[in-house]
Every structure is written in structure tokens, then in C-alpha cells.
Amino acid sequence: MTVTETVAPSTRRLSTAKALSEGIAQEMERDDSVFVMGEDVGAYGGIFGSTGGLIDQFGPSRIIDTPISETGFIGAGIGAATEGLRPVVELMFVDFFGVCFDQIYNHMAKIHFESGGNVKVPMVLMMAVGGGYNDAAQHSQCLWASFAHMPGMKVVVPSNPYDAKGLMISAIRDDSPVVYMFHKGVMGLPWMAKNPRSIGPVPEDAYTVPIGKANVVHPGSDVTVVSLSMSVQHCQDVAEKLDGEGISAEVIDLRSVIPLDREAVLESVAKTGRLLVVDEDYKSFGLSGELAATIVEHDPTMLKAPFARVTYPDVPVPYARSLEQAALPTRERIEAAIRSLVRA
Amino acid sequence: MDGAQRLGFYRQMVRIRTYEETIRGNYHADKTPAWDIGAGLIPGEMHLAAGQEPVAVGLCAHLRDDDAITGPHRPHHLALAKGVDMHRMTAEIYGRVDGLGRGRGGHMHLFDPAQHFSCSGIIAEGMPVAVGQALAFSRKGTDNVAVAVAGEGAANQGAFHEALNLASLWKLPVIFIIEDNDWAISVPRDSSTPIKSNAPRGAAYGIPGERIEGNDVETISDACGRAVARARAGEGPTLLEIHTVRLWGHFEGDAQAYRGAELAVAESHDPIPIYEAKLRAEGLLDDAGVAAAKAEAQAEVDAAIAFALASPVPDPSTLSDYVFA
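Residue numbers (our numbering), protein chains in the order written: chain H, 14 to 357; chain F, 363 to 687.
Think of the hints as simulated: they come from the structure by calculation, not from any bench. Predicted model only: the values in this text are computed from it and were never measured. Take the hints with a grain of salt, since some may be wrong.
In silico lysine-lysine, BS3-like type, Cα no more than 27 Å apart, as pairs [to be verified]: (1) H:K207 with H:K133; (2) H:K296 with H:K284; (3) F:K656 with H:K133; (4) H:K226 with H:K317; (5) H:K133 with F:K502; (6) F:K502 with F:K533.
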């Protein structure tokens, strides 16, 4: 059963970026085998703040700036992991996977299987995803379904500071490769418009958030809204607004794409009979279709209204603000979809 | 180099050749229909390394169990010379549960953690991985080395260049070995590479490069010894291009029509008879010694195949095992 988690008591508020880097720092203090490498992870602290301050604490021997050689340093991460280290490797933008995907899907993800379980690859591959700030077609995609489609990688997608820290600690401790995708919009960066939910309470001690376990972030009874990453924040905003009108939306934050918590979705839909998926990744052949299939395979009669989705249309991310905003899963699109569902 | 070591080289090369010949025979023996690559007790592609034994033997003379090798799709000679268990390797090639990868990997995906040996079916994929292994050795403060072996076709892959750059930048204990067998499947070296030697490519990254002609195990061993010593001493990576020979097809079933008269020339460069003649001329080897080496190798290979055949095939109910740790 999925329960709504209560945040551990803490009044300290951190941005998602600071929570994430704190998670890495605490694991590095605990375990000498953990180290970080990637482009601009040192003095810059990660282009989106994922490694902020780590160079001051751990120095350049454990926070390693790399050349622009994603195949080289992701492959090196694999080699270091198979020799017993626990690398946290950053691919600056998910969009860059095109220059290095062989190392990711063909190697990192398959070694444990090909070796019959004899060789482990305990590696975290973290990367920035998502748009909404006019960075155009090659720096704004989500693409989590592309990774999730290939077996052998766990894929985690935090939506808030608390989960970001706990999922990072879980990812570093996991013996499987974990692709850790942080949306730039949830990082709470000072130079990007943000939802207040991107800064929130984070316990100071180390803690884990289980990989593969969804979280009900807004309980409800009329419609199930399944989302992940940045879009969860929009769904929460819309659900709170609709509460005042007597429309009760249950928002589920998947938190992981692989493993996918299908049980949490089925349990909620069994209660509401309506399912809306909100996904910033491309519409076709992806997560939203997979969730529809999950319902159909389980019990096609569960739904009282047709399955609905608010996703990124199947077009490259446009530059012009007017076009990008029309494509993103905005609060307006989500609200309209929920209203339409509960009327159906 | 003393006589015992040279005889050891010879026996190891015979052992590897015997392995490849026996696998080759068994691969084709029960393929019905003969054109069906997926038929028989050994299904799938099969890339055998006859002719390239001197590279593996010369290299591995300088490696310890805890040094690492990442190999290419043509890996048997390297695995055997490194010390990978022949029984479990053979069981893997036969797709059995006692194989190195419990039948999940196959002959291009052999993983032996005890020997820090791995290989991959993607050209140059293992080269950055060797950099990471060397990084791990360096971080742990050991004097271990990591070796990446790939064909001359791999020297035109981006992964090769990225790996050389990283290894030199971080001054890591890596040895990059290019096995130049003149052929990237059907494309001759002259059609893929505008320079006669890949060794100068090391200079672009501040890495000493050397091309070794002759496919002679002793010359190769000397060069590898220098590179390994350099790496162990913390002096950084070395690039060696070793000109060797591919006696057989790219894969079993490759009719090699593209090779023409070159094939006969290649066959005349078979390194094992050449080395055998050399040792005979120096009085280190005679008919009895040759026969003993071959008999000993055949007995070991036969036992490995018997082990493989006695091992069960994987139960389909275990299909989803090992996807995650």
C-alpha cells in the first residue's frame, strides 16, 4: 500500500540542488569509494548546482572535472565501478546522451546481466532534464522513457528537495546503475523562475527514499493524477486549487520510472476510476502509454472515463516562448484535463 | 629471455590455437542446416583469433591476476592467456549455466572478476572502461595496470581518442593495444586509415606510441613489458600497435572472398609454425616436445568442452534474473 509520507521533522529549508549535493557529500563522508566526475562539477559546482560546494570539502581528487568526452568519462565510470568504486558521474544535459549512449545502454546497463550477476556496476549517472526556460531543442528534453525502455538501469526523477537527497543517497548505495534525472526547474536555482516547492524542508541527517516507490503527494478521491519530476509541482498546485471547488484529485509522484510503482497507480485508480498522466516527456511510445497499458492489462473496466494524458507533443522543443509554453504540461492544461475527466 | 620462458610462450600459443581449432570444428560440426548461424550446440556469431596468439601471450606474460584487460569481440586468446578459467569460459560459449555469465553473455561477453577480464562486442567500447579501471587502481594506491585491447578498426572510433586523452590527462596506468590484423571485417586497413601506423596517434595525446612488426611473441613481449613497467611506475599510458594476422574469417562462415591472394600470404605468416621452427633450430624443441604440447593442449580443451556439455542449459524460468543487482 502506498502511503503519504510525512517529511521527517525539520525546519531547515534547502533548494533541491543543495539537498542533492548534501546527499552526495554525506555519502562521500561515509564511504571513501564514492567520487564525482563530470563536466564543470568542480569549481563551478555543476551547471545546475548538483555538486555545489563539494570541491571545497573533498578537493579535486574526488570531485573530478573532465574534458568534454562523455563516452570517455562515462566509460571510465563503468570501469571504476566494476573495480569496486562508487562513481557519481554527471552528464550535463540528458540531451547530450547522443554522443555517449553506447556506454550507457549497451555497457553500463548490461554488464550485470551478461556476467550472470558476477560483475556489479554500482554507478550513478546524473543529468539535468526538462525545459520551460527557452533553451530550445537540444537542451530542454526529458527523455526518461528512452532510458527506461532499455533494461538494466534504474531511473529516478525527484520532484522536491526531500526526495532529491533521499533518492541520491539510495542511488549511491544501490549496486545497480542508477540514472538520476533532476529537472532544472525543481532545483531552486537563483537564476531561473521557480515554484516555491523547489525549496523545502530537508533533514540534516542522511536518510534514504526508496527507489521504485511512488508517493501520494495530494490525497484525493475523484481522479488519479500520475506525474513525475517538475510536473508534480504543477499537479499539486492545481489539485490544491480544485480542492476549493469540491474536485478531489489524488496526485501521485512516481519518483522512479524504473522500477515503476504500478501498484500505487492501480490502487489509486481502483478508488477513483479516472486516470490522468502528466508527463513532460514526448507523448508517443513513452511513460503515459505504458501507464495506460498497465490499466488495460490489469482490468480494462477500472476506468469510468477514458484515459487522459497531458504530455509534451511529438515535436522538438521550440525556442520561442509562445511555442514552448504551448507545448509544456502547464497548470492550465492540467486543470482543463482534470475538469474534463471529472465531467466525463 | 630464457629457454623455459620461450617454451612457455610456445605452449601457450599452441594451447590457444588448439582451443580455437576445436571450437571451430565443433561450431560447424552440428550446424544443420549449415547456413543457419543460430543452429547447433554453439549458436550465434563466432570470432576466432587464430594468428593473433602472439599478442595475447606476449602481453599476458607481464600481467598479474589482479591486472585488468578489456578485450574486443574476438577475445578467446586474451582470456586464455590472462588465465580465465577455460572450463567456465567454454560453458559460456556453449550457453550453459556453469558459464562465466550463466549463459547470458556468450562468446563476445566474457566476464571473469577473478582475472579482472571483460570483453565487449562493440568496437572500442572497452577502451574508456580500462581508463576507469586504471583510475580505480590509482585511487586505491595499487601498482595494478589496465589494458585495453582492440583491433585497428577501433582506432577510428571516438572512444579510442577520448580514452587516450583521458588516460594521458590523468596519467593513468593504462596500456592501449591495437591488434592490427589488416582487416576490419572486409575493409582493408588502407581503406580505413590514412596513415601507415596508428602509433603516432599517441603523440597527439602526449602518449608514447610504438608499432611492432613481425607478429613475433618475443618482440611483442619485450614491448609490452616496457609498457607495463612504465605504467606500474606511475609514468602513464602507452600505445602499442601490434601488426598481427587474421588467419580465418571475421566470423565463422565468412567466405573471405574479399581477401583474394592476400589470404595465402597471411597463411604463410602463421606465427606458430614460424616460432616452432625457430625453437627447433635453437634446439629448444623437437618432435616429442611439439607432440606433447599439442596433446596436453588438446586434453585440456577436451576436458573444458566435456565440462560445458555436462552443464545444463539455462532454465527459461530464470529469464529475468540478473537484470538488476
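Hints versus structure:
1. H:K207 with H:K133: violated (38 Å)
2. H:K296 with H:K284: holds (26 Å)
3. F:K656 with H:K133: Outside the cut-off at roughly 38 Å; violated.
4. H:K226 with H:K317: holds (26 Å)
5. H:K133 with F:K502: holds (18 Å)
6. F:K502 with F:K533: Roughly 15 Å between the alpha carbons, so the hint for F:K502 and F:K533 holds.
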